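Here the protein sequences come in this chain order: A and B.
Our numbering applies: residue 5 is where the first sequence begins, and numbers increase by one.
Our numbering applies: residue 5 is where the second sequence begins, and numbers increase by one.
Among the clues, some could well be false.
[To be verified] Estimated spans, in silico, between C-beta atoms of each pair:
1) A:Glu116 / B:Arg138: 46 to 56 Å
2) B:Pro116 / A:Arg197: 53 to 63 Å
3) A:Gly243 / B:Glu906: 44 to 54 Å
4) B:Pro651 / A:Arg180: 38 to 48 Å
5) A:Arg36 / B:Pro412: 28 to 38 Å
6) A:Gln42 / B:Pro117: 21 to 31 Å
7) B:Ala907 / A:Gly243: 18 to 28 Å
8) A:Arg180 / B:Pro117: 34 to 44 Å
9) B:Pro116 / A:Gly32: 22 to 32 Å
10) B:Arg509 / A:Gln42: 23 to 33 Å
[Stated by the list, open to error] Calculated cross-link-like contacts (lysine to any residue; reagent style SDA-like; alpha-carbon spacing at most 20 Å):
11) B:Lys951 / A:Arg137
12) B:Lys951 / A:Tyr203
13) B:Lys513 / B:Phe162
14) B:Lys951 / A:Ser131
15) B:Lys539 / B:Thr561
16) A:Lys6 / A:Asn41
17) B:Lys756 / B:Ala487
It should be emphasised that the hints constitute simulated quantities derived from the structure, not laboratory data.
Predicted model only: the values in this text are computed from it and were never measured.
All residues carry an ideal CB built from backbone N, CA and C; glycine is no exception.
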Amino acid sequence: MKNPTVLILHASGTNRDHDAARAVELAGGAPRILHLNQLQEERGAFGEAQMLLLPGGFSYGDALGAGQRWALDLELFFHDELQTFVASGRRVLGICNGFQVLVKAGLLPAWEEPTGTRSVTLAHNESGHFECRWVHLAVNLECRAEYLREMEELVFCPVAHGEGNVRVRDEATLARLEAEGLVAFRYVDAEGRAAEGAYPLNPNGSVGDIAGLCNAAGNVVGLMPHPENHVTPLQNPLGGTRRLGLALFKAMLNRM
Amino acid sequence: MTIRIEVESTQGIASREVLAKASTLGFSGIRRCGVRNLYFLSDPLSAESIQRLCASLLVDPVTERAEWWDENQEERPAPDAGVQIVEVTYRPGVTDLAARELERGIAELGLPPVRAVTGMRYELEGELSQEALRRLARLALCNETVQHFSFGPIVPHFATGTAPDATVERVCLEGLSDEALLRLSRERLLSLDLAEMLTIREHFAALGRAPTDVELETLAQTWSEHCVHKTFRAEIDFTRTDAEGVTVKRETIDGLLRQYLRRATEAIDAPWLRSAFVDNAGIIAFDEQYDLAFKVETHNHPSALEPFGGANTGIGGVVRDIIGVSARPIATTDALCFGPQDVPLDELPEGVLHPRRIADGVVAGIADYGNKLGLPTVNGAVVYDEGYVGNPLVFCGCVGLLPRGSHPRAPQVGDLIVALGGRTGRDGLHGATFSSAELTHETSELSGSAVQIGDPITEKGLIELVEAARDERLYTAITDCGAGGFSSAVGEMGAELGVDVELARVPLKYPGLRPWEIWLSEAQERMVLSVPEEKLSRLAELARLWDVELCVLGRMTGEGRLVVRYEGAVVADMAMEFLHEGLPRRRMEAQWREPAAPGGSPPEPGDLNEMLLAMLADPSVASKEGIIRRYDHEVRGGTLVRPLVGPEMDGPSDAAMVKPLGTWHHERAFVLSNGLNPLLGKRDPYAMAVSAIDEAVRNAVAVGADPDQIAILDNFCWGNPTYPDRLGALVRACQGCYDGALAYGTPFISGKDSLYNEFNGVPIPGTLLISAIGIVPDVERRLTMNLRRPGNLVYLLGETRAELDGSLLHKLLKYEGGQVPGLPEGALERYRLLHGAIRRGLLVAAHDLSEGGLAVALAEMALAGRLGVEVQLPNNGLSPAEVLFSESNGRLLLEVAPEETEALEELFEGAPLVCLGLVTEEPTIRIGMNGNMLVDVAVEAAVLAWKREGQNGVTKGSSGA
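Could you build all of it, start to finish, from the sequences and the hints given here?
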């Protein structure tokens, strides 16, 4: 499809929407940023979009926990549109705050769970504070988002968050995430070896070095790091032209 | 009638933080600390509703669990024996963002509306006396400027309505003695001197009436040091004496601003300068389409009282300055001056927060606001000195991007005066000295404190809204609400035309404000626009879209008067001319005495290896990574030279380079850098000024800025200028600013002074921050400071003199004397050559020499690159200590590949450029002179010293709030 439309949502406090729009553009998509208030009046925008993107930021200041109120907004105001969108197989990408929202709204890992319960969350970084640093990410080749495997190399890009620590209810939950192929990205070292929890390779203490998740259908993907901030080699703090985050956007937009 | 909900995390991070703080503060014997978030609701909800609320908003089912009580029905059970409780909530009127979001969430869920209050509960187990517990609460758990605490269940204060208060007082000045006038000024916190009070009395006597409180307060604000810079505009009788006090020179200065700062800008007459000193921010050209706006502000006193909120609102304020020139904020900076982090608690003066607590809070406040706005914090400085224990300095800067010609400055008669953004409360009335005699007990209970907590999400809405409104040309003028609130924003915007405004329309945080309080409130996150009537509906539509509150205050009248009403009744009516031109010019005395000649020669530095390591570990030089990583410096994707550089991404960058989003079609970018050296200022403020300018410029040039396209900002933080010695030092600094600006061709485009920074009669070290913004013609040619490749050559550019007075070496040796660094000859020409070399791709790294001189700069390049270096220093008649540690200006170290050395030397022919040695594979720093090895230090040792693990930056695991 030529220049697929990517609907980028903006809640009050979203701030990496324009960064994401640039990445989408460079990857060949046509970004459209819409504030939730606009979206309420233009519900048709869901139908017109080929992909949905929830970008980074501090929605509502994350005053009641990261992404919590935005997740409530989605559930209260856009529940049906979202369900339809996801069920249609169109792709959804959540980055940082957007990932937190997808998890808290139950769209990742999207298990059937009683209301008010969840098995996975994004908790406070082990360091206890916000951190900004570059990390290496590897796609999990076993993951259900098969199109991500087209990304041939690691992704090198920054994290910038205070609540990116993937926590699970119990060991069984982690085992199930792994077994069902729902881990999309992991923190690794520069050579691609597992971070094994070592700080700062794994910058926040996430279990299993999990940096991103996908759903069982593979069309909903979320991750904490910011691939949209490494879309040209000029942005690479170590120089070099490889390991662009742009590869993720290209993969997401490819063969939809 | 209160619901209490307690939420506890199983993560234990908050507990760890409390235990760490307590242990740092010397509280032993605490075995455990449970921490719970508290949420109070003013009215009961059904159990089902509360469960829904918890599940939807308050409790994370994986890491948190909740308990709740209807305090109407049952009391919260007492804790187990041996557990002591501290509960903390905000004082009434202080911004409680979580409570606001909770109230909105409750409405969104369709539950009955209730008021919410949030707080914290600490459950401490261990041996703590009641007195120790009180101390711990005050030192670590609660800041009584904005919060209060109790040992046990706290009673939340829900904002309740009081009746509107239309009281307007007439203040009789007639017949008051001079003394009585001054007393009135003092008691009402007007900060007006006798000449000013007499001018006001005369003015109203001629009108045949007494001023209202609204009028008097408006005059006091408009004529305040903060708003009109009385000291910088004053005529000054300046006497300069030698060290013995014999007069060397007397002169009259026609205003510091006019004679030194503006005059420098006018003399330089840079073609790319768009706006200097007239707008809320300075503006320079960026490319064919866009301009860049830059402003730096200080927020010192608020940060001393409430570090988190003070720094938080400091960023908020300077970002609004940028919105106020119709620019989109795109990057922030911060320079911080703190007391030493290891001052023993019992040595602190009464009423002063510990420097570590101040540093923790300030850094957290900057991070919170900047990160939430989505602005990269890219450049800064941190200096530690005893002189800042009672009075820290917090400089906050912001850069914005605006399409050329998009900032309108011409309000029209009939235009509506529109306020946007946050609601108005008693926030910051009379700045930091809130305890006004006329406020009753009740008002202070209801009032916000002098220091507020910011609301970055409301400000983010303002950024988006104003950008959209600008692009649709919906307003004819814009300004921010800063000091003086509406009184100064509306007063300035309507200075030419006159205004008529109605205060009863202003949306309030809580009722009961008197008209003068509404008019003067310094509530955050507000902008004022002049809007043609036909554009209002579109502006209102955009405001709804961006969740920003809008209110029409009044109109531009064309009658040249400031008319303020409350429910129709006139509460102020003054000629704009008197308000803006009526202030009598001050005449002030200033004296500068040369520092005394040194007694005896400086002590020897001893072991040079140890001295170098001590310098690297000095808090002002050492790594600031612990602070920098708490700031998002990547958002907007344009940070091309970061604050931390090198293969391990931890070396100290000279400057930041930023590519604005939306301008990736060309090769240009801009650089932010700064110069700040209060140590030098203690010896000679003139030297501090020229050195700060040189430092800012050479830092900018080092990463790739064009030296002919650099503009600078001045920020003076000084003591009480009514003392001739303080003012004399300030005059010296301004003279340095003039000479420095001319020498480098860098115009001042904006500036700010914060005076009266004294604690118990002792002034802070007079401190000048120079912030530079420079244009980079080609981002591909950017440089960083880390050594790159073994075999490359290292050159020193610039001349080293015996200039050690005010240096880091002398600080560590506790010695004062000798020569301060001066303005180097031909530095600008040298920087132009350097820029030419960078453009031609002749260099692979460059680093400026500043605190600690050559030795520290060389060590920094090596540790950042994790490579060794071996150099021989030229014998130019200086002692080893002078060659290694002198802080002469105009110097940089350059790394050059062997194949480029010929071209480089040719380019610099006749300039002071000398090859010192080689980059080595072997990771040691070796510095020799005259065949002797002066320094031989392993790079790893340098890294360890410089990183001072756990000693620098912010308290580990602290969120600082």
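Could one say that the CB atoms of B:Ala907 and A:Gly243 fall in the range 18 to 28 Å? With a Cβ separation near 22 Å, B:Ala907 and A:Gly243 satisfy 18 to 28 Å, so the hint holds.
So if I understand the rule, the pair passes when the alpha-carbon distance is 20 Å or less; does B:Lys951 with A:Arg137 pass? 17 Å, holds
Taking 20 Å as the top limit, are the C-alpha atoms of B:Lys951 and A:Ser131 close enough? 18 Å, holds
Holds or violated: are the alpha carbons of B:Lys513 and B:Phe162 at most 20 Å from each other? 12 Å, holds
With 53 to 63 Å as the target window, see if B:Pro116 and A:Arg197 comply at their CB atoms. Given about 55 Å between the Cβ atoms, the range holds.
For the range 21 to 31 Å, tell me whether the beta carbons of A:Gln42 and B:Pro117 fit it or not. Once the Cβ atoms are compared, 26 Å apart, the range 21 to 31 Å for B:Pro117 and A:Gln42 holds.
Starting from the hint 46 to 56 Å, judge whether the C-beta atoms of A:Glu116 and B:Arg138 obey it. Since A:Glu116 and B:Arg138 have Cβ atoms about 51 Å apart, the given range 46 to 56 Å holds.
With respect to the beta-carbon atoms only, verify the hint that A:Gly243 and B:Glu906 lie 44 to 54 Å apart. The hinted range 44 to 54 Å is violated for A:Gly243 and B:Glu906, with Cβ atoms some 25 Å apart.
Please check whether B:Pro116 and A:Gly32 have a Cβ separation lying inside 22 to 32 Å. 50 Å, violated
Within 20 Å, alpha carbon to alpha carbon, are B:Lys539 and B:Thr561? Within the cut-off at roughly 18 Å; holds.
Check whether the Cα positions of B:Lys951 and A:Tyr203 lie no farther apart than 20 Å. This hinted pair holds, its Cα atoms lying about 17 Å apart.
Range hint 23 to 33 Å: satisfied by the CB atoms of B:Arg509 and A:Gln42? Taking Cβ atoms as reference, B:Arg509 and A:Gln42 lie about 28 Å apart, which means the hint holds.
Comparing the model with each numbered hint stated earlier shows that hints 3, 9, 16 do not hold.
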